[in-house]
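A.B. asks: Sequence:
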Amino acid sequence: MNNTHFKPAFTLAETLITISIIGIIAAMTLPTLITNAQKEATASQLKKFYNTINNALQFAKADHGDVEYWMGTPKDLTYEENLDFMKTYILPYIKYNRYDNCFENAVCIYMTAGGMFAFRYDKNGGDIFYFINGKYNPDASINENIRNVFAFQFNKINGYDTDGNKMENKGIKTTVEPYSMNWDGTYNDLIYNNGRGCNKTRSSKRSTFCTKLIQMNDWKITKDYPW
Numbered sequence: 120m121n122n123t124h125f126k127p128a129f130t131l132a133e134t135l136i137t138i139s140i141i142g143i144i145a146a147m148t149l150p151t152l153i154t155n156a157q158k159e160a161t162a163s164q165l166k167k168f169y170n171t172i173n174n175a176l177q178f179a180k181a182d183h184g185d186v187e188y189w190m191g192t193p194k195d196l197t198y199e200e201n202l203d204f205m206k207t208y209i210l211p212y213i214k215y216n217r218y219d220n221c222f223e224n225a226v227c228i229y230m231t232a233g234g235m236f237a238f239r240y241d242k243n244g245g246d247i248f249y250f251i252n253g254k255y256n257p258d259a260s261i262n263e264n265i266r267n268v269f270a271f272q273f274n275k276i277n278g279y280d281t282d283g284n285k286m287e288n289k290g291i292k293t294t295v296e297p298y299s300m301n302w303d304g305t306y307n308d309l310i311y312n313n314g315r316g317c318n319k320t321r322s323s324k325r326s327t328f329c330t331k332l333i334q335m336n337d338w339k340i341t342k343d344y345p346w
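Using the numbering used here, the first residue of the sequence shown is number 120, and each one after it goes up by one.
Rather than coming from a laboratory, the hints here were simulated on the basis of the structure. Note that this is a predicted model, so its numbers are computed, not measured. Worth double-checking, as some hints may not be accurate.
Mimicking PhoX-like on lysine-lysine, the simulated pairs with C-alpha atoms at most 25 Å apart in a straight line are [what the hints assert, rightly or not]: (1) K214 with K254; (2) K275 with K242; (3) K158 with K342; (4) K339 with K319; (5) K167 with K342; (6) K319 with K166; (7) K166 with K275; (8) K206 with K254; (9) K158 with K275; (10) K167 with K180; (11) K339 with K166; (12) K180 with K194; (13) K275 with K206; (14) K180 with K242.
Using C-beta positions, here's what the derived DEER-type ranges look like [claimed, not checked]: (15) N174 with W346: 24 to 32 Å; (16) E199 with T154: 38 to 46 Å; (17) T231 with T341: 24 to 32 Å; (18) D303 with K342: 20 to 28 Å.
Using N, Cα and C, we set each Cβ at its ideal position, and we do this for glycine too.
When you get a sec, could you build the whole thing from the sequences and use the hints?
C.D. replies: Below you can see the structure in the form of structure tokens.
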């Protein structure tokens with residue numbers, strides 16, 4: 120007769136301790152995993168919008184000629200004028216669900232693929248604000264805006280190219296690029312510029328240089344991004 124006895128692999132107490140340890144580890148790592156996933160999704164959506172809007176402009180240029188000939192004397196446009204501009208040069212070349220006047224004189228376009236962007240033209244080109252969650256909230260905090268609102272510029276005069284290299288001709292214009300007006304061309308200025316830097320202590324609530332910071336990091340939200 121075989122009297123061999125088998126000892127359980129774990130006692131109840133040991134099992135409970137193991138489960139507790141696993142729970143603690145999960146509680147410590149899960150927030151980081153969620154944050155990283157949110158950052159990756161945001162950067163991916165931002166890059167997709169950048170490609171989409173610039174592809175649309177290429178089609179518009181093929182139909183209407185160079186961007187330089189789209190506008191007369193530079194001026195601040197009314198909502199109706201901005202809408203006419205969008206109906207001619209942008210809306211025919213993108214997929215969207217609807218548009219409205221969500222703030223000031225800007226035309227707000229709700230994209231079929233998700234997100235919303237607001238466009239307005241002024242004396243020095245156009246401003247574009249892309250809203251990841253598709254909503255404009257005038258009362259949003261800096262923390263909310265830094266994750267949701269991303270600034271681009273349309274056909275503005277810049278002194279630096281997309282890599283931060285100084286241009287020989289400061290009159291060179293871009294089509295749609297991350298907002299970088301008055302940027303000094305350095306990486307630090309993208310973060311610490313008092314009025315437009317990508318940080319939570321700046322004077323403006325809008326994340327004007329944050330988009331450029333993400334582009335400079337190959338469309339990735341890195342550790343120095345104030346998430």
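A.B. asks: Next, verify each hint and record whether it holds.
C.D. replies: Evaluation of the provided hints:
no.	hint	verdict
1	K214 with K254	holds, 18 Å
2	K275 with K242	holds, 9 Å
3	K158 with K342	holds, 10 Å
4	K339 with K319	holds, 19 Å
5	K167 with K342	holds, 22 Å
6	K319 with K166	holds, 23 Å
7	K166 with K275	holds, 20 Å
8	K206 with K254	holds, 21 Å
9	K158 with K275	violated, 28 Å
10	K167 with K180	holds, 20 Å
11	K339 with K166	holds, 9 Å
12	K180 with K194	holds, 21 Å
13	K275 with K206	holds, 20 Å
14	K180 with K242	holds, 21 Å
15	N174 with W346: 24 to 32 Å	holds, 28 Å
16	E199 with T154: 38 to 46 Å	holds, 42 Å
17	T231 with T341: 24 to 32 Å	holds, 30 Å
18	D303 with K342: 20 to 28 Å	holds, 23 Å
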